[in-house]
Amino acid sequence: AQKITQTQPGMFVQEKEAVTLDCTYDTSDPSYGLFWYKQPSSGEMIFLIYQGSYDQQNATEGRYSLNFQKARKSANLVISASQLGDSAMYFCAMREPSNDYKLSFGAGTTVTVRA
Amino acid sequence: GAGVSQSPSNKVTEKGKDVELRCDPISGHTALYWYRQRLGQGLEFLIYFQGNSAPDKSGLPSDRFSAERTGESVSTLTIQRTQQEDSAVYLCASSVDVGGTGANVLTFGAGSRLTVL
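Respectively, the protein sequence lines represent chains A and B. If you want my numbering, it's the position in the first sequence, counting the first as 1, plus 743. If you want my numbering, it's the position in the second sequence, counting the first as 1, plus 3.
Read the hints as simulated data drawn from the structure, not as lab findings. Each hint can be trusted.
Here are the simulated lysine-lysine pairs, DSS-like style, with alpha carbons at most 27 Å apart:
1. A/Lys845 to A/Lys816
2. B/Lys60 to A/Lys845
3. A/Lys813 to A/Lys845
4. A/Lys746 to A/Lys813
5. B/Lys60 to A/Lys746
Stretch-level coverage of chain B by chain A, calculated; a stretch enters the list once three of its residues show a Cβ under 8 Å from a Cβ in chain A:
6. 43-51
7. 110-116
Just so you know, even glycine gets a beta-carbon here, dropped at the ideal spot from N, CA and C.
Turn these sequences into a full structure, and let the hints steer you where they fit.
Structure, rendered in structure tokens:
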């Protein structure tokens with residue numbers, strides 16, 4: 744069964760606007776960790792942000808914030824004030840005990856920022 | 004080195020040949036992963052090494068695939084009798100395992116792009 748679902752294969756956003764990337768996950772573990780990674784066209788994977796399942800507040804890192812809705816099993820990434828350099832593929836990922844703490848990735852969302 | 008190093012960066016081989024892909028993790032990183040990424044796709048888990056524990060090989064797609072790791076250092080992914088569907092980028096990643104579901108951030112290598120003709 745798919746653990747991480749990213750339903751948006753591709754998105755366009757205007758420079759300086761905000762964009763929300765959807766991620767839903769499936770787990771029965773009470774404790775788990777959620778991650779977002781960015782993969783530019785050059786291919787490297789860059790860690791963006793982390794949210795623990797017991798964290799009381801939504802994670803933020805600069806222009807990145809994670810809209811964590813635990814009851815809905817949703818961990819959407821919000822990128823504010825988009826820049827041309829944000830054009831990339833974005834992956835949501837999860838670690839959970841029942842999967843031996845392996846990091847499982849979603850299929851990714853491609854973001855293209857337009858000038 | 005400062006990052007995760009993978010070699011070769013590009014490999015073109017003929018169907019049926021064996022290939023070896025190498026990963027040098029960051030020193031001190033006990034956890035090491037191999038993932039496969041086909042063109043335009045997500046990351047497919049292959050194998051996971053954690054310290055001296057038995058590796059988790061549950062993601063290896065067939066018995067043509069194998070991987071070894073020497074202690075907490077270099078890992079080699081071997082693909083025997085390569086097939087065209089093996090063409091992909093093979094990504095290695097390592098981390099300091101903080102245990103549990105904490106912020107166990109993976110550092111990825113640049114990948115090895117394999118093309119099987």
